[in-house]
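4 protein chains.
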Amino acid sequence: MAKQLNVTIWNEFRHEKTNPEVTEIYPNGIHQAIGKGITGDVNITYAVLDDPEHGLTEEVLNGTDVLLWWGHMAHGDVQDEIVERVHNRVLQGMGLIVLHSGHFSKIFKKLMGTSCDLKWREAGEKERLWVVNPGHPIAAGIGEYIELEQEEMYGEHFDIPQPDELVFVSWFEGGEVFRSGCCYTRGNGKVFYFRPGHETHPTYYNADVRKVISNAVQWAAPVDREYPRYGHVPVSIEPIKAK
Amino acid sequence: MAKQLNVTIWNEFRHEKTNPEVTEIYPNGIHQAIGKGITGDVNITYAVLDDPEHGLTEEVLNGTDVLLWWGHMAHGDVQDEIVERVHNRVLQGMGLIVLHSGHFSKIFKKLMGTSCDLKWREAGEKERLWVVNPGHPIAAGIGEYIELEQEEMYGEHFDIPQPDELVFVSWFEGGEVFRSGCCYTRGNGKVFYFRPGHETHPTYYNADVRKVISNAVQWAAPVDREYPRYGHVPVSIEPIKAK
Amino acid sequence: MAKQLNVTIWNEFRHEKTNPEVTEIYPNGIHQAIGKGITGDVNITYAVLDDPEHGLTEEVLNGTDVLLWWGHMAHGDVQDEIVERVHNRVLQGMGLIVLHSGHFSKIFKKLMGTSCDLKWREAGEKERLWVVNPGHPIAAGIGEYIELEQEEMYGEHFDIPQPDELVFVSWFEGGEVFRSGCCYTRGNGKVFYFRPGHETHPTYYNADVRKVISNAVQWAAPVDREYPRYGHVPVSIEPIKAK
Amino acid sequence: MAKQLNVTIWNEFRHEKTNPEVTEIYPNGIHQAIGKGITGDVNITYAVLDDPEHGLTEEVLNGTDVLLWWGHMAHGDVQDEIVERVHNRVLQGMGLIVLHSGHFSKIFKKLMGTSCDLKWREAGEKERLWVVNPGHPIAAGIGEYIELEQEEMYGEHFDIPQPDELVFVSWFEGGEVFRSGCCYTRGNGKVFYFRPGHETHPTYYNADVRKVISNAVQWAAPVDREYPRYGHVPVSIEPIKAK
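Protein chains in written order, with the UniProt record's numbering: chain A, 1 to 243; chain B, 1 to 243; chain C, 1 to 243; chain D, 1 to 243.
For the record, the hints were derived by calculation from the structure and aren't laboratory data. The reader is advised that the hints may include incorrect statements.
Pairs count within a copy or across copies, as identical chains cannot be separated in the list.
[Claimed, not checked] Listed below are the simulated BS3-like cross-link pairs for lysine-lysine, each with C-alpha atoms no more than 27 Å apart in a straight line:
| hint | residue 1 | residue 2 |
| --- | --- | --- |
| 1 | Lys-17 | Lys-106 |
| 2 | Lys-119 | Lys-241 |
| 3 | Lys-211 | Lys-243 |
| 4 | Lys-36 | Lys-211 |
| 5 | Lys-110 | Lys-3 |
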């Protein structure tokens, strides 16, 4: 419970280098802004797309308790081999927090088994994320809702499996709703999808957004337990009668 | 996360006084045996049916983070007013762990909304509780299964709402299965039902059973958050157009 | 599948007698308007609060496949004994569709085990119910959303157990969201809560609302199957070894 | 509801050609035995691995309401392109029923997002599938349990996402349990995994197994509804204020 968590924040880190509007908001990259907001006893490492092996070597992943993922314009540049590696680690127990446009990342689609498609609009409209599961640890310390003055809209239908637990539902000024905080278990690992975080808005400086991400890191921490044994078990526990 | 939890263990405490077989196994009551097995930073209080207000005064309940409940032969003696009080506290956020024959307690039936009926047989048969959700915090430190040499059998159909999360499924020597570890959220509170613990077997001395209960106490801890506002909200957040 | 369903529509039928605004919209009662909208091979019976036994005699209930429930100002006038009777029938397999302010009915609260509280506002504002589960039979024939020009607002947090299946989420003009179409199984019976239907708006004449209710009637139909056996089963299926 | 369903039964069809023990039980292939057992208003087509495009052309799939899948020794021979095609059809609304060793098929793993691994043993042991969701349409007409005198054992942990609905849990003579009837929604399509059906046992002639498969075909039928629109929606439904 109280042990220090190793958190790796992965960012595509492309918009920040090419779009001055984004650079101004996130001069050190979205990953750094996210990292600055995570409270609790955590040891943070950063990894970006252009690092060797995208910064996600076997060693890094094996030492990661919870991985955060932000990607958008370059999902296709992520190597399939690295996606397999992350997938295996999630099944082994590593937590994964997928942020905003990461809904279309290879790793999220692979874990969900669906298209993960949705509606979207960039109009700088108001978003209000309502808490629909007030006893959930990811909602700790959050009021009735989180209000973001300007965000990109994501609208239903969001093509994901029904969440094991739904924590937030968004209201958008333009008339849509969205399941914005979605919990899943995949293998031994926990997965949380959190909607807000468009690159042209300062969302990751918002105190509530930071609180949610900090809560999610704790919630997604691996459970201390031996990995299950699978495969052939020729000897039965109980005797089997001849027939 | 790391804060001390106030745990109240409630026991009917009748079998131990009238059945020598039970007295021998649990000389100080089932509640004391359960309490001795709970690890972690907890402050334990005991309450029994014959205490004034069943030991569950407003003060005790308001100071309880997680309540454990063992009852069997005297469910009907629990006053409805106290059941209401416990129910309210669960909706406010208090965790509740219902053990074994507590499936037929007034409070569990009230929280579930179903009959909570099941099949049963006292034959001292073998039970094996398989972990079906290996990443769940309640399964931390538990192997592939928990084996109990002798237990009462509970068999399906168990008339409960589909659990939000199913952690254990029992195999019984006599041929039945049972959903043995079931998680629910009700209001702001978390509820865990854990099957084993017949009064004539030393189940609450079993190290794995104790580990599961200790894990469940941590899992069921209240989340630090203001209680939601309900009722009339005459003023809207956004303007409403005249029609 | 193709067999005729016996549908009983229960209505409190009080507003229609005392509030001219409601009488004008529903001159024959809300129940009649609902009944007129149900398509498919159904045999419809009406029952109201002021009927003997609220119109819900053992005979009526035993012959009912799916019961619809509209109540608001007189929840307290429903006798506990009749609530028990309806509850038993749901556990036996009868479908139950709870409409709008029925969220606070005794039967819904008993089946849910929570307060079923929510936020509300009567401002004649726009509601848009988005389909979030497009493959669900209750959403058959419905477009991306249902739009209601004027409705009472119900807002989160809605204090219900997490739905087994969530079909609709509402957007409200005033800034709130709501889980508006919620499926549950309780015992052998299926329960569907559907939000819209305030008495001062002509909601039950809306073609989409009628389609949803018609779909829900089919979905909630009982399954042809013997009721499970519960209780003592002294003889085991498999031999139990002496220990 | 009452419309005829187009059902395609896909079988690997290899064991039947190479293992005389299997040939004797299923002389015309497992697919034919499954097909003979499906009741209701269905139009059945068969497709096997060695057919051109595995018998799953665009035309065949577009005309299929529900696809059944049996595979085991040749999962790797199924072309990725065909798997993509089936996956797309499921997301569009086609039902999919995955049988027994199909748990390791490419299509099931792709839809689940997990390893779908499990424990197994071929010892001709007894299996008893208990109904844990008696109100579910897939359990219609089934008694308390289905008993199979001899089957291959599959044991937990079964590495699947938590089922949206769990209908059967198996007891095995050798001491294991298994979640044997698992319902999912993926996109607009419904997926049912049903455990029994090892090729060396006459499981698909069992009346209860046939009843479950027939029920599942009806349950998995597509819902008549337009496919959701996804992607860019530049124009909002409601006006967005300048900020």
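Tested hints:
In this homomeric assembly, Lys-17 and Lys-106 come within 27 Å of each other (Cα to Cα) only inside a single copy, at 22 Å, whereas the closest approach across copies is 39 Å. When the C-alpha separation of Lys-119 and Lys-241 is checked against a cutoff of 27 Å, the pair qualifies only between copies, where the shortest distance is 20 Å, while the shortest distance within a copy is 58 Å. In this homomeric assembly, Lys-211 and Lys-243 come within 27 Å of each other (Cα to Cα) only across copies, at 26 Å, whereas the closest approach inside a single copy is 61 Å. When the C-alpha separation of Lys-36 and Lys-211 is checked against a cutoff of 27 Å, the pair qualifies only within one copy, where the shortest distance is 11 Å, while the shortest distance between copies is 36 Å.
Neither within a single protomer nor between protomers do Lys-110 and Lys-3 lie at most 27 Å apart by alpha-carbon distance, with minima of 30 Å and 35 Å respectively.
Of the numbered hints listed earlier, the single one contradicted by the structure is hint 5.
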